[in-house]
Amino acid sequence: MTNNGFFGPKKTITLKVLRYKPGAIDPPRYDTFRVEANAVTTVLDALEEIKATQDSSLLYRHSCHPASCGTCGMRVNGREQLGCVARLLEQGSDVVVVEPLASAPLIADLVVDMTPFAERFAPAGMRLVRESEFNPEAETPVGVETFTRYEDCIECNICLSACPVANTNPAFIGPAGLAAAYRALVTGERSPAEVFAYVDHDDGVWRCHSAMECSAVCPSNVDPGHKIMALRRELVTYKVKRFFKRG
Amino acid sequence: MATQFHVVVIGGGSTGAALVHDLTLRGLKVTLVERGELTSGTAGRHHGLLHSGGRYAVNDQESAIECIEENQILRKIAPGSFEENDGLFVAITDEDVAYLDKFLAGCEACHIPTRVLTAEQVKRLEPHINPQVKLGVQVPDATMDCWRLPMRFFATAKRNGADIRPYTEVIGMLRTAGIVTGVRVRSHVTGKEYDIKADIVVNATGAWAEKVSEMAGARVPVKPTPGVMVAVRGRWCNMVINRLNKPSDGDIIVPQRGLSVIGTTSWTVEDPDRLGLPEDHVRLMFEKGGELIPAVRHAPMRAAWSAARPLIAEGGAQEGRALPRTFKCFDHKVRDVVEGLVTISGGKGTTMRAMAEATANVVCDKLGIDAPCRTKEVVLLPYWAYYQ
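Which chain is which? The protein sequence lines are A and B, in order. With numbering that gives the first Met the number 0, letter number 176 in the first sequence gets 175, and the count goes up by one each step, no holes. With numbering that gives the first Met the number 0, letter number 326 in the second sequence gets 325, and the count goes up by one each step, no holes.
Hint data in this document are derived by calculation from the structure and do not stem from the laboratory. From a predicted model like this one, the values you see are computed outputs, not experimental measurements. Treat the hints with caution; some may be incorrect.
[To be verified] Calculated lysine-lysine pairs in the DSSO-like style (CA-CA distance at most 27 Å, straight line):
| # | chain 1 | residue 1 | chain 2 | residue 2 |
| --- | --- | --- | --- | --- |
| 1 | B | LYS191 | A | LYS50 |
| 2 | B | LYS133 | B | LYS101 |
| 3 | B | LYS327 | B | LYS28 |
| 4 | A | LYS20 | B | LYS101 |
| 5 | B | LYS210 | B | LYS332 |
| 6 | B | LYS28 | B | LYS365 |
| 7 | B | LYS327 | B | LYS375 |
| 8 | B | LYS327 | B | LYS365 |
| 9 | B | LYS245 | B | LYS327 |
| 10 | A | LYS10 | A | LYS50 |
| 11 | B | LYS196 | B | LYS75 |
| 12 | A | LYS50 | B | LYS210 |
| 13 | B | LYS191 | A | LYS15 |
| 14 | B | LYS245 | B | LYS133 |
| 15 | B | LYS196 | A | LYS20 |
[Stated by the list, open to error] Sample of chain A residues with no beta-carbon within 12 Å of chain B, all distances over it, derived:
| # | residue |
| --- | --- |
| 16 | LYS10 |
| 17 | TYR29 |
| 18 | ARG33 |
| 19 | GLY69 |
| 20 | ARG78 |
| 21 | GLN90 |
| 22 | ALA101 |
| 23 | PRO115 |
| 24 | THR186 |
| 25 | SER190 |
| 26 | ASP201 |
| 27 | TRP205 |
| 28 | HIS208 |
| 29 | SER209 |
| 30 | ARG232 |
| 31 | LYS240 |
[Stated by the list, open to error] Quick partial rundown of chain B residues pointing at chain A, CB under 7 Å, derived from the structure:
| # | residue |
| --- | --- |
| 32 | ARG44 |
| 33 | ALA118 |
| 34 | LEU258 |
C-beta: ideal position from N, C-alpha, C; glycine also.
For reference, chain B alone in the conformation it holds in the complex (with noise of 0.2 Å):
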């Protein structure tokens, strides 16, 4: 059923081409603007893994059920857009295997399906693997394209009738006695302003969500956490090599493509836009990711770079690693009295499309649509076609 409400979404990264997908979806009318390319934020440069949820299995249960519930579906919707070569958590350490119980009894909790492998499994299945290895758990992480997978979810809503618009910033917000009415927006093509009308606008930008929302003079808890990573010529593992003990640095290795990628690191910035890349992070990815695969020390850096995660940091003094993964969709009505302006932040790229159907139904309840949520089951079009 075709409606006249008009959804305006701030933010062309992963968590903004799964919310449109969603929204016009269910028959809302909906425009999207992305101040630079598509995913060019956080979306593009994350480490390219699709979380099984293990790392997050025994600090933060909330995030691993949402990250393998959100695993099996994009897997579903998205065909073709993962190296489905699963994950393995390995002990190093004396200290690594002691955590072993807590890590199983973790991923038993949030279904997350495991398979202990010993040592001599692990090095057959991996021949670059540190030899001390002890052992190894299997679980069903996978290499995601961090670029294609959120582009088939713009492809899919445009073939639907979203209208997506790259390179065009918002500048402020349009507010009618304190009710927000829509965007005022700068094309970077052509340097023209202009006004979009919107019923409700979705504050859609990650990292960068507090300085949209203090456009309408609303407040959004996000502490922009950025990671280094570094990516190596040469593809050093089959399967995402992850380290297993409780999450620190350098504790995974994601191959894709001809790349190893080791990250990450973990600090708080106050700008998403400069995050700097601190030299120290980029050679301890070097040392960390050795203790995992020796031969990534000596292999030659194709890339360093650092991508900001959007964390939300809700009453309290809790910064980076201690932060929950999870998102939270804001109604600034509730707030901050501001209506007609709901804000997403937090989540991940897994948690993509969960993020997308919580917001996507804050906005149908604020508008009064009863449209059933349909990105579980409809499977999307390759990317390509967004150009088509």
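Extracted from the complex, chain A is given alone in its bound form (with noise of 0.2 Å):
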């Protein structure tokens, strides 16, 4: 949608919020506000705006508000989104459920921990920046080696919370992990034999189902699904070639 800066008429939205505070509010419980919202009104605003003048206790996280940082997953309507681009008035209803992402341990509210995500991809040697992808022809200027740009992958966790297979494995590697791996290999960061020792197991590429909920969900377009159908085919490739040198 492109909606350049025209915010169209207010519409009142009621967001129920999953609330937990360890020993206070526990068991959880949906607690109820009333926001005005127009075009642009996203669901961290939404929140900030309670936040503000409804509850101070509310708790979720955010940093930059471009889906730059990763770090507003959360799940709207049941989808996994980030609260800093899901606009309010495009989420298919009048009540908006608003609830922490799945695959994470519940810290409280809206927060998860980001620890076990952390170990997830840490090992696949994930860097920030790498050569621009854009317009790489263009004579760069003196001073500047070669144009770069900061990694998709925001590493907001949100393939994990969306993806089928973790849900149920917590041991599974899981979709960023594995983009993460077959970028490194591609890109020659790491070898091949350190690529598939992380990936070539059973909780590592082959547990994969295909369901391609990750590629869905993916704010970056990272498309997570299709890099761990390609990982596989490399891996085959390499183990077909590893057999024939050894005969």
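Got two chains here, separate frames each, mind docking them using the hints?
Here it is in structure tokens:
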């Protein structure tokens, strides 16, 4: 949707937000809040409004606001999204349910513990910066070696939350980690032996059921589902080559 | 040398991040409290520019010099956290061209390296630039990751022993005979309230500094001065594109990841929690951004948001763009006869480390500790080490 700066009329939206505070709001419950929203109001805007004017104890994670940091992953009407770009009036209902991500331990309200996720992708050797994909032919100015840009994946964890396999098998490396492994392989950052040792096992590349939910929810067009398929092809080729070398 | 002194830092933004790192390296025991997620205030949501200082080289040279010095230091201590593509100040109109001499003189005075490019060179490097472009000046701007860069400071500090407590809001100051002796906090995780004792409390809450210092009866002349930013889909430039003219609305486009971020505007608010998002400012970003790169006018909007600059308005009627971008550290013993509380505010993301150094110097002076600053040399851990 383009909507370049045209807010349109306001509408009242009801948010049902999952609340949990260990020992205080325990078991979890849903609290109801009402906010005014226009065409560009996001779920994160609504949570900020609620925190500032209705309930200062509401907890959620957020930082950058243009879907660049990956901190504000949450489930909105059952669908994994980044709160900062999930527009309230585009959720398909006047009552919008906001819940924390699955597949990570709940700390409080909408805040989940990112530690297990960091542990999944760190071994893949993910880097933030790589060469530009945009206009690589451009003459670079004196003093600039080559134009660089950040990695697409923002490590927001929402692919893992949406993945039906990860939800039943916590040991599964998961879509982001496997996509990172694929990139480390094709860019040559890691040797094939290193990458395949990381992914070639029951909780690695073979565990994926190709549900492709990860690619559907990815806010950064990383398309982890197809990266996993490509990683499998690379792995099979590698094994076949090794087999014949041995022979 | 370890000491028994304990410092509580309020505010988990970029200043707080760099400060806990600095104080920890100097051997102090440090606890940081932040009411929400780390970097959920101004730190996370600026446009992501690592300033060369070019923007301030004519009107605010103190800030410009701070920027170029810190620009070089941050690249050294946080390799991999920047898109090091430089920046380009472009002249679109004759009036812009007339600004060139002043700009180059300002950059030279502040030791900011420049290179003048012809219109043809600019168009070759930046194919989407307004074809009316007259010339460009290349400067060492860069794009920073607003979340991951401060998180590297937090990660390193945590590894060195700092106690970092997000979701913990200060609800009062502990005071004994006029001396601040700690803070009372509420955990938003458990709902419980408790005290944290401290030898010194540092208020590093940026645009919220006045709200926090008032709890101790101290004043801070901070004016929350928001600006609107708009991110559009697509990477429409390689370098950071700036308007070659005095600072104004919509004079910059920062490329980052698959986005181009257009900024910004400037107005003043009383409450940094209620910034709002003025519709006319959002439209202005498309209009003014379109003067630099016409294609952004029709690129799909990804997000629009406001962020509050914590500008210092010391003893005058100045507002908005007239306010300096430099930072100030206040010892409230000197200012308000409140002992035990120090406030750091003003400044910008680019100068986070320098702000921390200045504040840590004040803290160490007050405690009688002689420990040099080491943050110019210590290379930061990767941000994800915070979660290990």
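Do the hints match the structure? See the list:
In summary, the hint linking B/LYS191 to A/LYS50 is supported, as the alpha carbons are separated by about 18 Å, within the 27 Å threshold. Simply put, B/LYS133 and B/LYS101 have alpha-carbon atoms about 16 Å apart, close enough for the 27 Å limit, and the pair holds. Using a Cα cut-off of 27 Å, the hinted pair B/LYS327 and B/LYS28 holds, with the two alpha carbons roughly 24 Å apart. Note on A/LYS20 and B/LYS101: the hinted pairing is violated, with a Cα-Cα distance of about 57 Å set against a maximum of 27 Å.
Distance restraint check for B/LYS210 and B/LYS332: the Cα-Cα separation of roughly 18 Å lies within the 27 Å cut-off, and the hinted pair is therefore satisfied. Distance restraint check for B/LYS28 and B/LYS365: the Cα-Cα separation of roughly 15 Å lies within the 27 Å cut-off, and the hinted pair is therefore satisfied. Among the hinted pairs, B/LYS327 with B/LYS375 is consistent with the structure: their alpha-carbon atoms are about 20 Å apart, no more than 27 Å. A distance of roughly 17 Å separates the Cα atoms of B/LYS327 and B/LYS365; the hinted pair therefore holds under the 27 Å criterion.
Under the criterion of a C-alpha separation no larger than 27 Å, the hint pairing B/LYS245 with B/LYS327 is consistent with the structure, at around 24 Å. A threshold of 27 Å between alpha carbons decides the hint, and for A/LYS10 with A/LYS50 the separation of about 19 Å falls inside it, so the pair holds. With a C-alpha separation of about 36 Å, the suggested pairing of B/LYS196 with B/LYS75 is violated against the 27 Å cut-off. Our distance criterion of 27 Å between C-alpha atoms is met by A/LYS50 and B/LYS210, whose separation comes to about 16 Å.
At roughly 24 Å between alpha-carbon atoms, B/LYS191 and A/LYS15 fall within 27 Å of each other, so this suggested pair holds. For the hint pairing B/LYS245 with B/LYS133, the CA-to-CA distance comes to about 17 Å; that is within 27 Å, so the pair holds. Note on B/LYS196 and A/LYS20: the hinted pairing holds, with a Cα-Cα distance of about 25 Å set against a maximum of 27 Å. The Cβ of A/LYS10 sits about 16 Å from the closest Cβ of chain B, beyond the 12 Å cut-off, so the non-interface label holds.
Listed as outside the interface, A/TYR29 is consistent with that label: its C-beta sits roughly 18 Å from the nearest C-beta of chain B, beyond the 12 Å cut-off. The claim that A/ARG33 lies off the interface holds: its Cβ sits roughly 17 Å from the closest Cβ of chain B, which is beyond the 12 Å cut-off. Residue placement check: A/GLY69 does not keep its beta carbon more than 12 Å from all beta carbons of chain B (closest about 8 Å). The Cβ of A/ARG78 sits about 18 Å from the closest Cβ of chain B, beyond the 12 Å cut-off, so the non-interface label holds.
The non-interface label for A/GLN90 is consistent with chain B: the shortest C-beta to C-beta separation is roughly 16 Å, beyond 12 Å. At roughly 18 Å from the closest C-beta of chain B, the C-beta of A/ALA101 stays outside 12 Å, upholding its exclusion from the interface. Consistency note on A/PRO115: stated as away from chain B, yet its beta-carbon is not over 12 Å from all of that chain's, at 9 Å minimum. Every Cβ of chain B is farther than 12 Å from the Cβ of A/THR186; the closest lies at roughly 14 Å, confirming the non-interface assignment.
With a closest Cβ-Cβ approach of about 20 Å to chain B, A/SER190 is found to remain outside the 12 Å limit, as its non-interface label requires. Distance check for A/ASP201 against chain B: the nearest CB is about 25 Å away, which clears 12 Å, and the non-interface claim stands. Every C-beta of chain B lies more than 12 Å from that of A/TRP205, the closest at about 26 Å, which supports listing it as non-interface. Consistency note on A/HIS208: stated as away from chain B, and its beta-carbon is indeed over 12 Å from all of that chain's, at 27 Å minimum.
At roughly 25 Å, the least C-beta separation between A/SER209 and chain B is larger than 12 Å, which holds for a residue marked as non-interface. Interface exclusion of A/ARG232 from chain B stands, the closest Cβ pair being 26 Å apart, more than 12 Å. For A/LYS240, the requirement that its beta carbon stay farther than 12 Å from each beta carbon of chain B is met, with the minimum near 33 Å. With a cut of 7 Å, the hint placing B/ARG44 at the interface with chain A holds, because the nearest CB-to-CB distance is about 5 Å.
With a cut of 7 Å, the hint placing B/ALA118 at the interface with chain A is violated, because the nearest CB-to-CB distance is about 14 Å. Taking 7 Å as the C-beta cut-off, the interface hint given for B/LEU258 holds, the closest approach to chain A being about 6 Å.
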